[in-house]
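There are 2 protein chains.
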Amino acid sequence: MKLETTQSGFAVSICGRRVLTHSAAAPCFFVGQGNDGITMHRGHFEIEDRLAERCPLAHAEIDGETIVLAAAKGHPPRLGVTLEGNALVLRALDPSVNRFWLRLVADRDENVWGGGEQFSYFDLRGRRFPLWSSEPGVGRDKTTEITFKADAAGQAGGDYYHTYYPQPTYVSSARYALHVGTFAFSAFDFRDNSFHEIEVWAVPERIELFAAPSFVELVEILSSRFGRQPPLPEWIYNGAIIGLKDGANSFNRLTKIREEGVKVAGLWCEDWVGIRPTAFGARLFWDWQANEMRYPGLRQHIAELNSEGIHFLGYVNPYLCEDGVLFKEAEAADYFVKDASGRIALIDFGEFLCGIVDFTNPDAAAWFSEEIIGARMLDYGLSGWMADFGEYLPVDVRLANGTDARLAHNHWPTLWAEVNAKAVASRGRTGEAVFFMRAGFTGIQKSCPLLWAGDQSVDFSRHDGLVTVICAALSSGLLGNSFHHSDIGGYTSLFGNVRTPELLMRWAEMAAFTPVMRSHEGNRPHDNLQIDGDPAVLSHFARMTAIYVHLAPYLRSLSLEATRRGLPVQRPLFLHHEEDRRTYGVQDCYLYGRDVLVAPVWQASQDERKLYLPAGADWIHVWTGQSFAGGQEISIEAPLGRPAVFYRADTEFETLFVGLRGV
Amino acid sequence: MKLETTQSGFAVSICGRRVLTHSAAAPCFFVGQGNDGITMHRGHFEIEDRLAERCPLAHAEIDGETIVLAAAKGHPPRLGVTLEGNALVLRALDPSVNRFWLRLVADRDENVWGGGEQFSYFDLRGRRFPLWSSEPGVGRDKTTEITFKADAAGQAGGDYYHTYYPQPTYVSSARYALHVGTFAFSAFDFRDNSFHEIEVWAVPERIELFAAPSFVELVEILSSRFGRQPPLPEWIYNGAIIGLKDGANSFNRLTKIREEGVKVAGLWCEDWVGIRPTAFGARLFWDWQANEMRYPGLRQHIAELNSEGIHFLGYVNPYLCEDGVLFKEAEAADYFVKDASGRIALIDFGEFLCGIVDFTNPDAAAWFSEEIIGARMLDYGLSGWMADFGEYLPVDVRLANGTDARLAHNHWPTLWAEVNAKAVASRGRTGEAVFFMRAGFTGIQKSCPLLWAGDQSVDFSRHDGLVTVICAALSSGLLGNSFHHSDIGGYTSLFGNVRTPELLMRWAEMAAFTPVMRSHEGNRPHDNLQIDGDPAVLSHFARMTAIYVHLAPYLRSLSLEATRRGLPVQRPLFLHHEEDRRTYGVQDCYLYGRDVLVAPVWQASQDERKLYLPAGADWIHVWTGQSFAGGQEISIEAPLGRPAVFYRADTEFETLFVGLRGV
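Residue numbers (UniProt numbering), protein chains in the order written: chain A, 1 to 663; chain B, 1 to 663.
The hints are simulated quantities; they were obtained by calculation from the structure and are not laboratory data. Accuracy of the hints is not assured; some may be wrong.
Result set (DSS-like, lysine-lysine): computed pairs, CA atoms no more than 25 Å apart in a straight line [claimed, not checked]:
#1 Lys142/A to Lys73/B
#2 Lys245/B to Lys256/B
#3 Lys263/A to Lys245/A
#4 Lys149/A to Lys256/B
#5 Lys73/A to Lys73/B
#6 Lys142/B to Lys142/A
#7 Lys328/B to Lys338/B
#8 Lys446/B to Lys422/B
#9 Lys142/B to Lys149/A
#10 Lys328/A to Lys338/A
Remember, predicted model here, so these are calculated numbers, not experimental data.
Here chain A stands alone, though its shape is the one from the complex (with noise of 0.2 Å):
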């Protein structure tokens, strides 16, 4: 990184690209006050600012690496800003100051991605991005029925941007990528033609600038930056997870299932904590040990299937319901998180109340790492689980170490991923046993082996349903999240949404072509179809898993490259094509690894799909072997069980590629 004087002011260039240019004219730092305004409702979060002052500041002292920042000349200093190493390292010289922006040169056909985890939109330019992890939303686009449905129930509609996940890092098709170092509400303007705009709600400690000459070789010094993940643990290659929530039942549905030719790597359940009956439907009762009402003899039944090289998995989340067990513990124990008026502060999660495990304090911490994790669930003989939740910490509690719960909020899915991955490590079994988190923020790529993408609508919908899972697995996978999965099928049903054979069909025939196979009976498992519900839809699940269980060497390849060199498994079309601009904002196919092109059909009654395939490269349709020069836009036959694949004809895999026919 460079720092230069130019005749109206200064200029920061990282590898010859300017990146910041400042002329007492056209400032890019800004201090300021404000009083926000944020309110939570069921991790829908109202957030409004009231601005009092947005200070650009015109006049810079330059001392050697460091530049001193204020309104004008001969005026008190409010931000001194120092490059060290590739960061700006950043004081706040004025303590009254709460708001900085930041404004980046930006070029009129630049690109840029990242954001964390984005549902809706993977090219960020042209739109604003609030940064806060919160619910999604439920239909995420307010010209649908049920995101109307869905705010008026509830304000539970939300909108392009609402993530679990979001993370201030962006990467730039000037080959260049940015991270903020702040856990404060930030926000991500890129509406403006001639520059980017960075908001946070506070002094960030530091903006850490990446550069290199190659996508890839970016991608490879993020995911260095923020942490890898270990492989894959070697039983996922044995099938799907097969997600059931129906008791004891569960069992003999997994035998049906796998005598119906299902490859099964593991059997998910829930409600192994047993469940709460509510007006919504079930629930799960969130005291997290086994529940041997509802599982009799699991201990049991798990070494069964361990045995038969089958693994289980359950479930948890940071809560403790008013009524557990635990949360007596936790009580006595004083762990839990605290309202302004010293009580424990509960949280309505529809008609049950619960405590947040404070993870700010290292005994209660430690104390869910070890007792609820280690004790109950790994010693208890399961390989996984979905590590629920994160994104709800209210910002009006009171945190064991004192800190101020708008800077903790975005890091609570962080340090929730830190007490599951301590439990796991703590039993050695860092890279067996995999937990799957839906929150996050920088960070959790260290502590997290696998995202999941969360709760979708049960349906093709542009913004909350099967595509935005290709957007979420492709943004969060330039941030170092290697691998991402989804539930097949989705998981929201509302409002008399619900799920048909063709979505659970193409869904899986996705699911086939990423890290992770899982099934998902959904939030209305009686309403909705399930894969063993439907002869056909069964015979189509097991034809997938078995392509899914024909690829695991090159799956395997592409987890051991993901731990070495930090690639993402699904890939933007751009990573390996960056000579091809028309790759850019491609955000409904993939790369599976460097070779194979997934082009998943994402609306209904589809049987063409047409894509873009990227140009310097011939690819092959793996079903008829047709070959196809790069560089074109092609429209091919996708009917349900042959989803538009190609690979690369310089592929070290063809054997293996050619061999998908005979599956």
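Take the given structure of chain A and dock chain B to it, following the hints.
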């Protein structure tokens, strides 16, 4: 108004009420820079600001009555404020400034009213109100199905603050009023407990302050500041204005309506110019002259009506359709607003395009007054008309006098009113011919003799139904608009929402206690019930016109009072009961003059009405003669035909009001 220096800065008071307090730590003036983005879609505007700077002016230097403000001591002065009479005269001392904010002292329990004609909230406290003339929206409540559908169909749903007639003026319960002298976009923010914040996208010329010992005197002062209307024309008292747009058949229907006992003052045919069939339904032909095809022998018909004491009203708006005769004339004379490329700016009104006559060109304005309204309307025999629209001026057009369209937009309704008023004056018919408008802004009062509440939905909805008309009358009435009325039965029928007999009757019951009773067939006459479409509705309507006529002596006195003192006919309860704070928030009842209290039933299926009777008077229920002491909440029977109406026990009009029982 008094400027005094304080220990830490300065303070401005009016009649002993401190409205501004400044200190370096808490300045009250702010300036800055921003780039606005304003786009219009059929009269609905998307307005966003890209703020670059907001600078608190912490340093003040006082010289006599002038305050010079800067960011800090020794910094260049950016704003000059001079107290002149009751105004703060503002001067930008820094040409880069295009944003202005002012914080006024507020008390926690203070109420604030005004903001022009507001449809959702009479007391503005607790919310922010952008002030920009626009369509109000259909539904205006994001939690309703109709709003959602209107938004999805054409971003037409609107929100609580959208109005045809905003005005940057408010009245505070602290017995003072404030007016911002600007046509720029502005916003009043009353969300904070300790201050009110005014935002203007320009440095306003002046901010005027008014104070008085009583609300009545304050309203008198405001009305003389903004201009008063002439008294209602005598012919109005003859009964209702019947809105029909049925071509020649309108006259036959009017005859039948009169035969059923309806008292009629006028016949209003907006289709007098002919119609244009569109997918939306029959629209009017926007070429402002009598259409002999649709109304054969119209001039003669009008003469006959006049001989029976019935007046004829028509319709006009500031646009001319591309395929009309007048368009050619205006085009030849170069009277149209231009687009950026210098061509005639054509606005799409749905299947037809129109030019906007440029009222900043005195010749064009004079032409519209004389050739259209004068020659083709008044001289033809019209006694009144709906002067529709005014809120559609796009911001990307070029105007004859060089004004930035962003500054002309809010001014347009007033320019439009002046064009109409001049025409009426040119024929010496001021106070006799009457036009009514929905769009407005500061100054409309002087030219427009009668407001009309625009296009409500044909329902009882909270934010777009019958009740919103009361809020509209009360808010605009405080700012010098003495005469207000609405479409009986509402106007907008979309998405299967149609008039019920109950709605039509409840609306008529309310209208009988307003300055003008006028029916409207609505946007879809054939799908909706009309006053002559149901015998029960028609006889009920007839009785309401009889009540209206019976009250004429009282209404006439209110009309004169309006002209002499500027008091509105429809008044908030607190206007005459300012000691009773419980009246301050009431927006679903109103005083009809000082002596009559009207509590319309504004929800469906209600036979009773709850209301609060102001303290300081006894109230007599008009239908039973039952007397109630003020200062209590009561519930009164209010079946159809017996609206909840009371009069003051000490009224001079007792005989008249007692007589209502016999009507």
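We went through each hint and held it up to the structure:
| no. | hint | result |
| --- | --- | --- |
| 1 | Lys142/A to Lys73/B | violated, 49 Å |
| 2 | Lys245/B to Lys256/B | holds, 15 Å |
| 3 | Lys263/A to Lys245/A | holds, 19 Å |
| 4 | Lys149/A to Lys256/B | violated, 46 Å |
| 5 | Lys73/A to Lys73/B | holds, 12 Å |
| 6 | Lys142/B to Lys142/A | holds, 10 Å |
| 7 | Lys328/B to Lys338/B | holds, 15 Å |
| 8 | Lys446/B to Lys422/B | holds, 11 Å |
| 9 | Lys142/B to Lys149/A | holds, 10 Å |
| 10 | Lys328/A to Lys338/A | holds, 15 Å |
The structure shown violates the earlier hints numbered 1, 4.
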